[in-house]
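Letter by letter, the chains look like this.
Number of protein chains: 2
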Amino acid sequence: MSRTRHRRTIAEVGEFGFLARLLPRLPMTRETVVGPGHDCAVLRCGRRKLLVTVDAVVENVHFKARWSSPRQIGRRSFLVNASDIAAMGGQPRFCVVSIGVPPRYSARSLLQLEAGIVDAATASGAVVVGGNLSRSEQLFVSVTLIGDAPRRLVTRHGARPGDRVYVTGTLGDAALAVERLSGRAGAKVAPPVLRRLLEPSPRVRAGQILADKGLASAMIDVSDGLVQDLGHLCRASRVRGVIRATDVPVSVAYRRACGTERRLALSGGEDYELLCTVPARHVKHLEDVRRQLACPITCIGEITRGRGVRIVGAQGGVVYESTGGYDHFRTPTT
Amino acid sequence: MSRTRHRRTIAEVGEFGFLARLLPRLPMTRETVVGPGHDCAVLRCGRRKLLVTVDAVVENVHFKARWSSPRQIGRRSFLVNASDIAAMGGQPRFCVVSIGVPPRYSARSLLQLEAGIVDAATASGAVVVGGNLSRSEQLFVSVTLIGDAPRRLVTRHGARPGDRVYVTGTLGDAALAVERLSGRAGAKVAPPVLRRLLEPSPRVRAGQILADKGLASAMIDVSDGLVQDLGHLCRASRVRGVIRATDVPVSVAYRRACGTERRLALSGGEDYELLCTVPARHVKHLEDVRRQLACPITCIGEITRGRGVRIVGAQGGVVYESTGGYDHFRTPTT
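Protein chains in written order, with this note's numbering: chain B, 19 to 352; chain V, 19 to 352.
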């Protein structure tokens with residue numbers, strides 16, 4: 019019995035199952051304000067607090083070379099990290115880049131990939147300060163991003179019953195693009211939908227405002243899908259999230275492609291929007307700063323006592339009550 | 019002509035050729051004390067200076083699963099980074115880990131790999147504060163290590179004509195182990211030689227003493243091979259390094275296997291010793307602190323005017339004058 023369990027593969031245990039076993043074993047220090055298991059670690063550095071996050075994009079897992087230009091791959095590898103910094107209300111500052119590249123890969127493409135990282139970093143106010151290049155059969159780009167923490171730190175922990183649940187921008191476009199691109203050859207993908215997959219825009223400015231003005235009680239970025247990421251937030255805060263499916267914001271292109279169907283908007287990953295909870299007393303204040311966010315923000319539900327995530331349909335009935343979404347070892351994106 | 023050049027692969031351009039094209043394109047900020055192209059970046063963080071470095075180990079490039087246990091792979095992935103921090107005299111503090119892992123990899127092995135990282139971090143006074151797990155066909159572990167800079171920063175830049183060249187420990191064991199393991203099945207590798215490959219010990223304490231006491235004018239770790247790494251140091255300092263081949267320290271096991279042959283000690287990589295230059299006026303002081311270093315340190319040559327690296331043989335003649343060593347895209351380790 020014990021032998022059988024020991025031989026289970028990562029695919030069987032799943033990413034989150036693995037992390038649940040790993041995280042309690044990691045030691046902490048006084049300088050670690052927030053440790054592993056969050057969007058970013060928070061470290062004390064003298065009187066400053068630093069955010070640190072790492073994320074990798076891997077060929078044929080997170081991107082396909084025939085869909086994405088080298089520059090887009092580079093941009094994306096930075097932006098998925100900037101999204102983690104945004105989710106804690108921080109400001110990206112420095113990054114180091116670890117690239118694994120097949121020997122046959124063209125030097126010009128690799129320069130373009132690096133240029134994509136530098137472009138995205140510059141646009142976010144960050145600089146590339148170092149890196150490493152390794153030989154590898156499969157192209158991968160792992161970016162570590164260091165940022166400044168906001169004055170008021172926002173984590174996944176602070177949601178309370180009665181808080182409203184908000185999401186920035188629209189959801190589902192990235193998953194829709196993946197579904198179309200993975201289907202029959204010749205399937206059409208509307209350009210704005212494709213752009214959401216290939217060139218995500220992290221909500222750095224919105225995250226800073228939501229954190230610094232004390233509006234968000236908890237925050238996370240939507241990388242694994244709304245249901246799954248809301249699940250993470252609710253688990254950390256020990257509350258239940260109730261979402262009205264019809265209120266989940268989708269793009270015009272998504273509505274044109276999917277009608278009233280919200281499956282991809284609810285469970286598709288890689289939109290890199292921000293999901294946050296706002297105490298009822300701050301909703302008026304949020305309306306006041308709405309314009310400064312540089313993106314739409316929509317109330318999609320509320321936090322109640324309980325656990326898990328509940329999705330309510332158009333008729334008011336519960337259409338979904340579970341966790342779901344994206345696990346790197348179970349549901350391939352591409 | 020121009021088209022042909024643009025299509026060159028990374029294997030043809032080589033890692034250092036690629037970096038020579040990339041590095042001038044990277045922007046800097048006021049907070050970047052030392053930018054890309056060094057063992058670590060040095061960042062200003064309030065009144066502190068931080069060192070940041072990243073390095074990846076990739077299956078079948080930097081290790082083979084049949085030679086190394088998961089724990090050894092984990093330890094190694096940390097230690098190669100600690101060696102970069104040691105080369106600037108710093109103290110490892112925080113690390114984040116990006117792992118790419120095949121779905122069929124066992125969860126137990128991955129926990130052991132993580133335990134190897136945590137062990138090595140703890141032994142160096144550092145903690146693991148975050149990470150990321152991706153699906154990947156080939157196992158890779160990319161560690162980003164953040165450290166405290168020493169009061170006196172040592173880089174590759176400060177070597178001057180007249181300085182002595184020193185190296186810690188012994189060289190060549192790791193390359194000898196790779197050569198034996200890659201050869202005919204059944205080739206014997208002495209356990210201390212194998213250990214040097216599988217469980218390198220970065221010279222963190224020695225690096226701190228050499229930096230803080232102002233002994234080393236320039237320093238680098240020997241990861242790509244003595245000739246190549248001395249070449250990097252000499253290029254950065256705009257000087258020539260002259261090495262007496264017979265003075266290069268080797269282990270008893272190496273001498274037993276190779277006799278007076280010094281090829282692997284001169285050009286083999288992955289020993290993770292420190293190579294530094296010491297001004298002649300500090301040689302006496304170095305003798306005084308020798309015992310505190312916790313490892314042997316040997317004078318192997320000196321710095322002169324000129325460029326490049328020169329190796330002098332037993333008879334006093336020049337036996338080698340060039341660069342060489344290890345390029346990830348040209349000379350596979352394994």
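The reader is advised that the hints may include incorrect statements.
Identical chains blur together in the list; that is why a pair holds if it fits in one copy or across any two.
[Said to hold, decoys possible] Below, simulated DMTMM-like cross-link-like pairs (lysine to aspartate or glutamate); rule was C-alpha separation at most 20 Å, straight line:
1) K231 / E49
2) K231 / E305
3) K206 / E217
Derived from the structure by calculation, the hints contain no laboratory data.
Hints, verified against the model:
1. K231 / E49: Cα proximity of K231 and E49: none, with 25 Å in one copy and 27 Å across.
2. K231 / E305: Within. Shortest intra-copy distance 12 Å satisfies the 20 Å Cα cut-off; inter-copy 59 Å does not.
3. K206 / E217: Only inside one copy: K206 and E217 sit 18 Å apart there, 52 Å across copies, limit 20 Å.
In summary, the one numbered hint that this structure violates is 1.
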